[in-house]
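Peer 1: Take a look at the letters that make up each chain.
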Amino acid sequence: NAGVTQTPKFQVLKTGQSMTLQCAQDMNHEYMSWYRQDPGMGLRLIHYSVGAGITDQGEVPNGYNVSRSTTEDFPLRLLSAAPSQTSVYFCASSRQGHGYTFGSGTRLTVV
Amino acid sequence: SQQGEEDPQALSIQEGENATMNCSYKTSINNLQWYRQNSGRGLVHLILIRSNEREKHSGRLRVTLDTSKKSSSLLITASRAADTASYFCATADLYTGANSKLTFGKGITLSVRP
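Read top to bottom, the protein sequences are chains F and S.
The opening residue of the first sequence carries number 1 in my numbering; numbering runs sequentially from there.
The opening residue of the second sequence carries number 1001 in my numbering; numbering runs sequentially from there.
A hint or two may mislead.
Below, a list of computed lysine to aspartate or glutamate pairs in the EDC-like style, where the Cα atoms sit at most 20 Å apart [what the hints assert, rightly or not]:
hint: 1; chain 1: S; residue 1: 1106; chain 2: F; residue 2: 59
hint: 2; chain 1: S; residue 1: 1106; chain 2: S; residue 2: 1083
hint: 3; chain 1: S; residue 1: 1026; chain 2: S; residue 2: 1066
hint: 4; chain 1: S; residue 1: 1069; chain 2: S; residue 2: 1093
hint: 5; chain 1: S; residue 1: 1106; chain 2: F; residue 2: 38
hint: 6; chain 1: S; residue 1: 1026; chain 2: F; residue 2: 59
hint: 7; chain 1: S; residue 1: 1069; chain 2: S; residue 2: 1007
hint: 8; chain 1: S; residue 1: 1106; chain 2: S; residue 2: 1007
hint: 9; chain 1: S; residue 1: 1106; chain 2: S; residue 2: 1005
Derived from the structure by calculation, the hints contain no laboratory data.
All chains should be modelled from the sequences, with the hints used to inform the complete structure.
Peer 2: Given below as structure tokens:
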């Protein structure tokens, strides 16, 4: 039982490049979310999903896409990386009425 | 915009003392949760309190919720150096599904001096 697995742990991108942050959970949780954490800003919700095939926008969705084709996977795509997307990204999952389990994060730097 | 506002922003106490952290929020909630984050790590869920509950305990943690004042407090009793971390409150909005959309505050930095 691995919990929530995020890959990669570290990534450096050039401005304009695209990439996908991977997130997988093996707990059969229906809810999955992506957050970004910036100094002094706490965690801000990017996108979330309530089940396979269903996604919705959070507080800061611009520049990011998500899809949820399976219960287990919830990848986050950066379409055209910008320095403002330099951050630590966390994926988390939960089932109804319970707390979220977080991944260990991806530290992304856009130069 | 962020829902929860924690208070104080930073707290420094001596080992063995109690630590009290407060959270205020703005909208109607289904539940409120507290998380801990050690430096450079992911968040760890501590406790969840539902909107119809007033108090909940888990080990050395005690959480209260006052929905009329839209506020919550987290009490850590007999603190230890290992409790040094950032603590976040998070709210699950009442109208967007019981736990599907969680909104976090900016966090409280707790330092426990040995």
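Peer 1: Are any of the numbered hints broken by this structure? If so, which, sorted upward?
Peer 2: Result: no hint breaks.
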